[in-house]
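Residue numbers (our numbering), protein chains in the order written: chain Y, 554 to 806; chain D, 554 to 806; chain V, 554 to 806; chain Z, 554 to 806.
Hints are computed from structural coordinates only; laboratory data are not their basis.
Be aware that one or more of the hints could be misleading.
Copies of the same chain look alike in the list, so a pair counts if it fits in one copy or across any two.
With a Cα cut of at most 20 Å, we get these calculated DMTMM-like pairs of lysine to aspartate or glutamate [stated by the list, open to error]:
#: 1; residue 1: LYS796; residue 2: GLU782
#: 2; residue 1: LYS796; residue 2: GLU774
#: 3; residue 1: LYS796; residue 2: GLU687
#: 4; residue 1: LYS796; residue 2: ASP614
#: 5; residue 1: LYS796; residue 2: GLU735
#: 6; residue 1: LYS681; residue 2: ASP614
#: 7; residue 1: LYS681; residue 2: GLU562
#: 8; residue 1: LYS796; residue 2: GLU589
#: 9; residue 1: LYS681; residue 2: GLU735
#: 10; residue 1: LYS681; residue 2: GLU754
#: 11; residue 1: LYS681; residue 2: ASP579
Quantities reported herein were computed from a predicted structural model and do not represent experimental measurements.
There are 4 protein chains.
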Amino acid sequence: MAARPLLPEPPWHYSGEMLTVEYRTDPERVSELLPEGAALMEDDPGAVALIWADWQSAGDDLSEVLDPVRSQYKECFAVIRCRWEGETWSRCPFIWVDKDFAMVRGYHQGYPKKLGEIWMTRPITVGKAGPRLEPGGRFGATVSAAGRLVARATWTLDAPADSPGFVNAHPMLHNRYWPAIESDGSASMDELVTMRGYDGEVADVWSAEAEIEIRETPSEELYVLEPLEVIGGYYHRVAASWKEGTTLRNEGD
Amino acid sequence: MAARPLLPEPPWHYSGEMLTVEYRTDPERVSELLPEGAALMEDDPGAVALIWADWQSAGDDLSEVLDPVRSQYKECFAVIRCRWEGETWSRCPFIWVDKDFAMVRGYHQGYPKKLGEIWMTRPITVGKAGPRLEPGGRFGATVSAAGRLVARATWTLDAPADSPGFVNAHPMLHNRYWPAIESDGSASMDELVTMRGYDGEVADVWSAEAEIEIRETPSEELYVLEPLEVIGGYYHRVAASWKEGTTLRNEGD
Amino acid sequence: MAARPLLPEPPWHYSGEMLTVEYRTDPERVSELLPEGAALMEDDPGAVALIWADWQSAGDDLSEVLDPVRSQYKECFAVIRCRWEGETWSRCPFIWVDKDFAMVRGYHQGYPKKLGEIWMTRPITVGKAGPRLEPGGRFGATVSAAGRLVARATWTLDAPADSPGFVNAHPMLHNRYWPAIESDGSASMDELVTMRGYDGEVADVWSAEAEIEIRETPSEELYVLEPLEVIGGYYHRVAASWKEGTTLRNEGD
Amino acid sequence: MAARPLLPEPPWHYSGEMLTVEYRTDPERVSELLPEGAALMEDDPGAVALIWADWQSAGDDLSEVLDPVRSQYKECFAVIRCRWEGETWSRCPFIWVDKDFAMVRGYHQGYPKKLGEIWMTRPITVGKAGPRLEPGGRFGATVSAAGRLVARATWTLDAPADSPGFVNAHPMLHNRYWPAIESDGSASMDELVTMRGYDGEVADVWSAEAEIEIRETPSEELYVLEPLEVIGGYYHRVAASWKEGTTLRNEGD
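Just need the whole structure built from these sequences, with the hints factored in.
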């Protein structure tokens, strides 16, 4: 019964746009957020992507599209990379969304979602109140939680690009964890899982100059991934579908 | 001092998209919402447009664009037409927005704005979770206030069109009114004004089959403009700038 | 990692006030919401409590009390009763809250929480803008989700009472369920659990005449528990602490 | 027509509770926020009150009390004092509320209201998740706007007190101002008004040790009233009714 009424059965389809900043933090901070057995990357071990996304999503009958309060949501999430079992993985240690269905979907997939207030500039094709997808186009984004600013970034488009970064490009390596209701330190569910979408589509990829600021707040820990140096920024449109993942190991075994 | 810090000085620039349903109501209901001296149109006197809009707006330095929490807002508004002084005018008797700066800007311009929760489907260019701007593309929109649904509509795109309707195409005829603080029935401001944007741009206009439902709620009166027959529906992108209006008459004189 | 940063470790402490309507629905509707093996009550099998609550909650160091955005939340939830293993249980099939930490705490405890917009009148001791805790004091409450009204109720206080109803008075019988990420119909967690608070305190209990209205909406199912007859209404203040529950059976075994 | 449907005709009745911090800022900053012709107080010219309030309000038939989404709101506002025409006045230069009807009521009364996210601890009488109205009871409050923290404060109750401070105790001296729609620098309404409630009631007044922090944000100017020294803090319950004010001078004359 739990959270199922909030979501139809998978597959779920997503169409949206993303603003990404990739930057370097102290690799030690990345290391502390990896699952047991995973290791830092050899190349650029402190690379982080902070990504804002504005989505429409729907179940397989696409009915939510016609009731957009149940389809649209925005999110901001951090992605780090690691090596595990000879492969390269992406991992999301921090994420905020602004709808309940997205929050529950995150728990299903291993994203540690919280609610936040997320805003991101949209490109325009008429008038002046926004950027065009052209060199010099300027975007901004913020994420707040519990009434405090957690992060903000700005982008100035540079040129069309081949890909929107290298950090969020791998299968996700996530934990799914719920403690036992006995509050005795044991877990009712403690899994290392991976998941990846299908039918991915990417369009209108642009590289950008980017600036980023992250703040410590009483409730949010994103600041542990302090930006030391910006690698680059990106705008792109993106779509994917998601049906299933794979349990890599059951931590309780 | 009043509400000025919420907004920079005009001009204000707007870029956005609109979903419109035009329908017929009882002309008597339109008549009751007209300013003194104005008359019903001879052609289609009961025509109403209910319009959902998703905007970015900014002052002349465009700084809000980079802090989208202060630039983006959504609104839903009804438009009726009338004849006054030999001219045809549009008039907005009901409107909901989801940001304070838009609410105050409305009071400045004579829009009787309230806060609401507004959602509208966005067209996509990648993936499945939304409609394309092509025949058969389906959109939905809702507006709620005080936790109740006020109106919802759906659109199925038909074909590119020349214009997005005929009801919201005229200079606005609005009242600006604040009672005196003495609560003695007198007014401190009681004006009939008109305003119109400049540098208007319209793109991607599509006609659509549309359905609409309006509900009575304890706080909202949109139901007085009950839909009796749908005229048509539209999607379009739109931009405009706004600097000033004209006081047509001072009602207190 | 999942949702833990949203909440400190138990115990959690709660202080708040409740407005309750108890009513009868078709017992068949109650039956359909019971876990396997549970049976309807013999006395008043269709009894339902719909409860609005306004809480402050905190972890054991009570630090959230000083940052009330992380302590205060409102909720509305339905409670039904059943017999299982020779005992009487309460069970919550539908619940809405307005904060993320409350939502996640619900998943931990087996409450199928969604986000909603919840409002309830508060008693006052000065002035006119509210009811006193005295005969004739009138209260109202609403719960909305996805921009639609789900339920509303009103109460007129009658007299001090011994207890705030009989439906929500038993240990909770809840399911905790998450499907496997493989989307193959299997579950990663599928438990029947029970939980109960400690250090409970009740004060200012009043009985009331009550009215209730429940609506069907595209996303909410509370209407399946259609009110056929009101049993009674209550106002009371309540506090409790919660540390742990008990797994009654692992459904996967 | 303007904003009237959001509010019934006065009188309006209010019942609520307040948390107040009184502190000293640079008197020059107070001076810059006074209307023309007004002067700083001779005693304690830099005194400021920052007040959080949690209200129920209603029109004369009290109908909103039963639909609390239209009755309840929270606000945070700054109050300064001045001398004008031989009298002492209070004046509110900055204020945030969380409902549209409160925002419009503010424009009517001369309060320069914006929307904000406001939270304040409530006293409890059962359990642990909050303070009692007793020595040592601890409260917190925050106000945020545009996703940024604007101010936060904490209070530790000391002892029952005779009055909740001296800054917000005088008739209000407010400007009501709307520029002409011509955007030519002229005003359509430019009044200096005063207003005061009636049937005021105060209860449960406590003095407190208080701490306060104010931040600069891109959209909010409260920081100009920088706290240099805390004078004191207060909790109290308060009620009042409001029907009318008086126009002191018409600035356009």
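Each hint, compared with the structure:
1. LYS796 with GLU782: neither (36 Å within a copy, 42 Å between copies)
2. LYS796 with GLU774: Neither, since 30 Å and 25 Å both go past 20 Å.
3. LYS796 with GLU687: neither (35 Å within a copy, 27 Å between copies)
4. LYS796 with ASP614: The answer is within: 14 Å in one copy meets 20 Å, while 42 Å across copies does not.
5. LYS796 with GLU735: between (32 Å within a copy, 8 Å between copies)
6. LYS681 with ASP614: between (37 Å within a copy, 10 Å between copies)
7. LYS681 with GLU562: between (42 Å within a copy, 16 Å between copies)
8. LYS796 with GLU589: neither (26 Å within a copy, 28 Å between copies)
9. LYS681 with GLU735: neither (58 Å within a copy, 22 Å between copies)
10. LYS681 with GLU754: between (29 Å within a copy, 10 Å between copies)
11. LYS681 with ASP579: The answer is neither: 40 Å in one copy and 39 Å across copies each exceed 20 Å.
Of the numbered hints stated above, those contradicted by the structure are hints 1, 2, 3, 8, 9, 11, listed in ascending order.
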